[in-house]
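*Asks:* As a plain string of letters, each chain reads:
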Amino acid sequence: MERKEILEVKNLSVSFQMYDKGLRQKELQVIRDLNITVHEGEILAIAGASGSGKSLLANAILGILPLHASVKGTMKYRGESLTLERQRKLRGKEIALVPQSVGYLDPLMKVGKQVVGVNGSKDRQREVFARYGLGKEVEQMYPFQLSGGMARRVLIATAMISNAKLLIADEPTPGLSTEMAKETMGHFRDLAKEGRGVILITHDIDLAFAYADRVAVFYAGTTVETAPASDFRKGPSALRHPYSKALWEALPQNGCKPIPGTQPYAGNLPSGCLFAPRCPYRTEACETTIPVRQIRGGEVCCNHAT
Amino acid sequence: MRRIRRKKNQRKRTIYLILLIGILLLLLVIAGRFLSPEQYGPDYNEKKLTPSIQHLFGTDYLGRDMFARTIKGLSNSILIGTLAAGFSACVALVLGILSATIGGLVDKIISYLVDLCMGIPHLVLLMLISFMMGRGLRGVIVGIALTHWPNLTRVIRGEVLQIKNMQYVKVAEKLGKSKIQIAFQHILPHVIPQFIIGLILLFPHAILHEAGVTFLGFGLSVDTPAIGIILSEALKHIATGMWWLVFFPGMMLVMVVMMFDQLGEHVRRLLDPSSARE
Amino acid sequence: MNKYVKYIVTTLLRMVLLLIGVSIVCFMLITSSPIDPVEAYVGSESNISQEQKDVIAEYWGLNNPPVQRYVTWVKNLLHGDMGISIAYQKPVTQILAQRFQTSAVLMITAWILSGIIGFLIGIVAGSHAGSVLDRVLKTFCFILSSTPAFWIGLLLLAVCSVQLGWFPVGFAVPVGKAASEVTVLDRIHHLILPALTLSITGISNIALHTRQKLIDVLHSDYVLFAKARGESAFQIIKRHGLRNIAIPALTLQFASFSELFGGSVLAEQVFSYPGLGNAATTAGLKGDVPLLLGVALFSVLFVFAGNFMANLLYGVLNPQIRKGEGQ
Numbered sequence: 001m002e003r004k005e006i007l008e009v010k011n012l013s014v015s016f017q018m019y020d021k022g023l024r025q026k027e028l029q030v031i032r033d034l035n036i037t038v039h040e041g042e043i044l045a046i047a048g049a050s051g052s053g054k055s056l057l058a059n060a061i062l063g064i065l066p067l068h069a070s071v072k073g074t075m076k077y078r079g080e081s082l083t084l085e086r087q088r089k090l091r092g093k094e095i096a097l098v099p100q101s102v103g104y105l106d107p108l109m110k111v112g113k114q115v116v117g118v119n120g121s122k123d124r125q126r127e128v129f130a131r132y133g134l135g136k137e138v139e140q141m142y143p144f145q146l147s148g149g150m151a152r153r154v155l156i157a158t159a160m161i162s163n164a165k166l167l168i169a170d171e172p173t174p175g176l177s178t179e180m181a182k183e184t185m186g187h188f189r190d191l192a193k194e195g196r197g198v199i200l201i202t203h204d205i206d207l208a209f210a211y212a213d214r215v216a217v218f219y220a221g222t223t224v225e226t227a228p229a230s231d232f233r234k235g236p237s238a239l240r241h242p243y244s245k246a247l248w249e250a251l252p253q254n255g256c257k258p259i260p261g262t263q264p265y266a267g268n269l270p271s272g273c274l275f276a277p278r279c280p281y282r283t284e285a286c287e288t289t290i291p292v293r294q295i296r297g298g299e300v301c302c303n304h305a306t
Numbered sequence: 307m308r309r310i311r312r313k314k315n316q317r318k319r320t321i322y323l324i325l326l327i328g329i330l331l332l333l334l335v336i337a338g339r340f341l342s343p344e345q346y347g348p349d350y351n352e353k354k355l356t357p358s359i360q361h362l363f364g365t366d367y368l369g370r371d372m373f374a375r376t377i378k379g380l381s382n383s384i385l386i387g388t389l390a391a392g393f394s395a396c397v398a399l400v401l402g403i404l405s406a407t408i409g410g411l412v413d414k415i416i417s418y419l420v421d422l423c424m425g426i427p428h429l430v431l432l433m434l435i436s437f438m439m440g441r442g443l444r445g446v447i448v449g450i451a452l453t454h455w456p457n458l459t460r461v462i463r464g465e466v467l468q469i470k471n472m473q474y475v476k477v478a479e480k481l482g483k484s485k486i487q488i489a490f491q492h493i494l495p496h497v498i499p500q501f502i503i504g505l506i507l508l509f510p511h512a513i514l515h516e517a518g519v520t521f522l523g524f525g526l527s528v529d530t531p532a533i534g535i536i537l538s539e540a541l542k543h544i545a546t547g548m549w550w551l552v553f554f555p556g557m558m559l560v561m562v563v564m565m566f567d568q569l570g571e572h573v574r575r576l577l578d579p580s581s582a583r584e
Numbered sequence: 585m586n587k588y589v590k591y592i593v594t595t596l597l598r599m600v601l602l603l604i605g606v607s608i609v610c611f612m613l614i615t616s617s618p619i620d621p622v623e624a625y626v627g628s629e630s631n632i633s634q635e636q637k638d639v640i641a642e643y644w645g646l647n648n649p650p651v652q653r654y655v656t657w658v659k660n661l662l663h664g665d666m667g668i669s670i671a672y673q674k675p676v677t678q679i680l681a682q683r684f685q686t687s688a689v690l691m692i693t694a695w696i697l698s699g700i701i702g703f704l705i706g707i708v709a710g711s712h713a714g715s716v717l718d719r720v721l722k723t724f725c726f727i728l729s730s731t732p733a734f735w736i737g738l739l740l741l742a743v744c745s746v747q748l749g750w751f752p753v754g755f756a757v758p759v760g761k762a763a764s765e766v767t768v769l770d771r772i773h774h775l776i777l778p779a780l781t782l783s784i785t786g787i788s789n790i791a792l793h794t795r796q797k798l799i800d801v802l803h804s805d806y807v808l809f810a811k812a813r814g815e816s817a818f819q820i821i822k823r824h825g826l827r828n829i830a831i832p833a834l835t836l837q838f839a840s841f842s843e844l845f846g847g848s849v850l851a852e853q854v855f856s857y858p859g860l861g862n863a864a865t866t867a868g869l870k871g872d873v874p875l876l877l878g879v880a881l882f883s884v885l886f887v888f889a890g891n892f893m894a895n896l897l898y899g900v901l902n903p904q905i906r907k908g909e910g911q
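Residue numbers (my numbering), protein chains in the order written: chain F, 1 to 306; chain Z, 307 to 584; chain W, 585 to 911.
Think of the hints as simulated: they come from the structure by calculation, not from any bench.
Glycine included, every Cβ here is placed at the ideal spot set by N, Cα and C.
Among the clues, some could well be false.
Computed spacing ranges between beta-carbons, pair by pair [unchecked claim]:
id	chain 1	residue 1	chain 2	residue 2	range
1	W	S633	Z	L411	49 to 57 Å
2	Z	R319	W	Y588	49 to 57 Å
3	Z	L467	F	E85	47 to 55 Å
4	W	Y588	Z	D578	49 to 57 Å
5	Z	G409	F	E85	30 to 38 Å
With a straight-line Cα cutoff of 25 Å, these simulated BS3-like cross-link-like pairs (lysine-lysine) come out [unchecked claim]:
id	chain 1	residue 1	chain 2	residue 2
6	F	K93	F	K113
7	W	K637	Z	K542
8	F	K93	W	K761
9	F	K72	F	K26
10	W	K637	W	K870
11	F	K10	F	K76
12	F	K26	Z	K414
13	F	K113	W	K822
14	W	K822	F	K110
15	F	K110	F	K136
16	Z	K414	W	K590
17	F	K245	F	K257
18	W	K822	F	K122
19	F	K136	F	K113
20	W	K637	F	K110
21	W	K822	F	K89
22	F	K76	F	K165
23	F	K89	F	K72
24	Z	K542	W	K870
25	F	K89	F	K76
26	W	K587	Z	K414
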């Protein structure tokens, strides 16, 4: 069954105007030629190392990047172009963010009032709280009083108060026990089953492989491979991009083999394939722009992928 | 390239501004020193004149030229401010470093002293010290010098605590250098910029307090031209409608205070660019 | 023990300790003055003999060692006896009570005025940070902080009272009017200029502080999240800005009692307003030791009350402290 697309991001680039060492103004590109598609009822994980600009992707989709950021490329929500004006109308209503931690809640506002926000209602908040097993007493609490599990559910509740069709969860599990991470992912799975699209931004590769439907591997500001999560569970032979394979092999249960080299700094990216400097299959062709190819039901951005 | 040049220009501009303000203030002080008593003394033929070319700021009820008196007064104020701010800043430097490097009981005592000094309204404390000194000019100078250290002490204490936690200081500690050695070799040089900035920014406070306490009648005798006294005399004759007695001297005081404030800000920009306010 | 109660008790203890220190400092400063209180009492022209002066000195205990004098003073103080004012020939406690009532009206009015104006300026500037409006307001604040309030008072007096005749030239009530005939309107009429003058002292501080705090809040993660949830700029300031800058601003405003008192001394001098500050100046200039000591101690208590309220309020308004245990 072909599912409907909710969000389509094509060739997205995000850059910042920066002062390099206080002397020269410089454009710092943090996201470059990024492509993702999210369908109804699916969880798309965007997995990659910390500090690779994943959180900015969420801000770009919501249209809340700082003023000195510039965005290029196209974004479509339900087939229609996502302009700044439309982003302003949709955010908090159709597109909702589930933030990383309680640090994203106003420390001086009671949780109940905060979950209601500006678009929700008291009744709806009670409903959502009941769904996530949050008692009435939680309404009267301040963010700092929430326990880890409670906080997680409150954060999801902030998104569920609206009837959002697209959820963006930014690192929803760090600091949680395996049990709790599992429970949290269960919540997202339920939401997907109800027909919503979920983007799961995470650096926890295991989590992405285990719970997502599809995984987009994020490297140095771009997606190098997007493939069904089942491929990632199978192992390197099913994967396409050398980085994805290396990532798989770097997992503790798969031998913990580190990838030589480091991820390039956003201001200092190579011109062609971003992974080329660390890639064992590197050839001269890798120094030019690499087209996105469809291979075995996945998308990959590599000349050598088979 | 253009940006680099602009940055350089900015630095140059900051230096020029510092020099300009410094020279203006210095000129003011020197001009005040060279004014003879005849120039700011009474002239009964020219009483209560409105401002004109001959008397820029007009004359008062004794025919004294207000421009000369204002310059003389500001010159005095700046000198008193220099003396007092210099002393207070040194006290703050010593106490701040002692407090942060030795710590323990010394830190507690110094912090207590800071709180103590801040517990009394500043102006009341100035009045008390002036009273203790039997009033007069000495009372004002001692009062201003003795009461401006608490804030800067806190700043320097905080600064030193930060430096103390840096890697190289910890290494020096491990190498067995004494606390005093560390304080002089590693900490003092890094506090100097904060100290200079703090010192300059003490001036406005010192000058304003000096003006306030002399305005109340403590301190300088009635004939000494000081802004506080000029203004308190203007108050006595306010009903006569001689507005220029109030306006010009006060205006000049505000300008001098703002010049010191700007001087401090620009020196900060030069010495410690990261902490300068935008 | 509840964290909040503990917080208040430790704060209070620390303050009492400070208060004792401050009272000793005040006492030492005043009693070590070369200005002879007996001389000040009898006046320099009087022909009272040296023996009689010695009798007075003995009666006041001026010949006792300082520590004993301090103890006696504190003992009397605890019995509500602060001595007799030389300048006014009345018990100091009576003068303080009466003068404070007059000053309190002035200080409270100015305090509220400066708080509201400063807070508003801070919010407008902070929410438009970097704009022309922000720059204008910031410059205004810097000029204000360089300007002695008493000079503004003098200007107001010269312009509004003398030139325009809109306001009286001084005092708290119309001169020559019997106390029973003085109306509330009279008092307000006499209060406006001094209060305006005194309020100037505090505006710049609270405005610049509020501005910076608001900028910090607007750059916080929770404001970013509020934006993500569809809150408009106005809603963000209303819902999160005010909530998060109110506590520091109120705390700061209470902690400004020291400047408020100092400012009132100057403002009362300008407007011949018969309050505490005026009494302090008179006492200092006339060598009225008991009154000076009394006013000084009172001013210290006033500052402490402000600081204590700041601490208390911080505790009451901040849920992290109020709710105690938490986490």
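*Asks:* Run the distance test for W:K822 versus F:K89: straight-line Cα separation, threshold 25 Å.
*Replies:* Judged against 25 Å, a Cα distance of about 20 Å means the pair holds.
*Asks:* Given the hint that F:K110 pairs with F:K136, does the C-alpha gap stay at or below 25 Å?
*Replies:* It holds: about 12 Å lies between the C-alpha atoms, which stays within 25 Å.
*Asks:* Evaluate the given range 30 to 38 Å for the C-beta pair formed by Z:G409 and F:E85.
*Replies:* violated (58 Å)
*Asks:* Could you say whether the range 47 to 55 Å given as a hint is met by the Cβ separation of Z:L467 and F:E85?
*Replies:* Holds, since Z:L467 and F:E85 (Cβ atoms, about 50 Å apart) stay within the stated range.
*Asks:* F:K245 and F:K257: Cα distance at most 25 Å?
*Replies:* holds (11 Å)
*Asks:* Within a Cα-Cα threshold of 25 Å, do W:K637 and Z:K542 meet the stated pairing?
*Replies:* Answer violated: W:K637 to Z:K542 is near 35 Å, above 25 Å.
*Asks:* Holds or violated: W:K822 with F:K110, Cα cutoff 25 Å?
*Replies:* With Cα atoms ~15 Å apart, W:K822 and F:K110 stay inside 25 Å; holds.
*Asks:* Just to be sure I understand the hint, the distance between the Cβ atoms of W:Y588 and Z:D578 should be within 49 to 57 Å; is that true here?
*Replies:* violated (39 Å)
*Asks:* Would you mind confirming whether the straight-line C-alpha gap from W:K637 to F:K110 stays at or under 25 Å?
*Replies:* Violated: W:K637 and F:K110 sit about 70 Å apart, past 25 Å.
*Asks:* Does F:K165 sit within 25 Å of F:K76, going by the straight-line distance between their CA atoms?
*Replies:* Measuring from Cα to Cα gives roughly 14 Å; hence the hint holds.
*Asks:* Tell me if the straight-line CA distance from W:K637 to W:K870 falls inside 25 Å.
*Replies:* Holds, at roughly 18 Å.
*Asks:* Mind checking the alpha carbons of W:K822 and F:K122 for me, to see if they're no more than 25 Å apart?
*Replies:* holds (19 Å)
Hint check: violations occur at hints 4, 5, 7, 8, 12 and 20; the rest are consistent with the structure.
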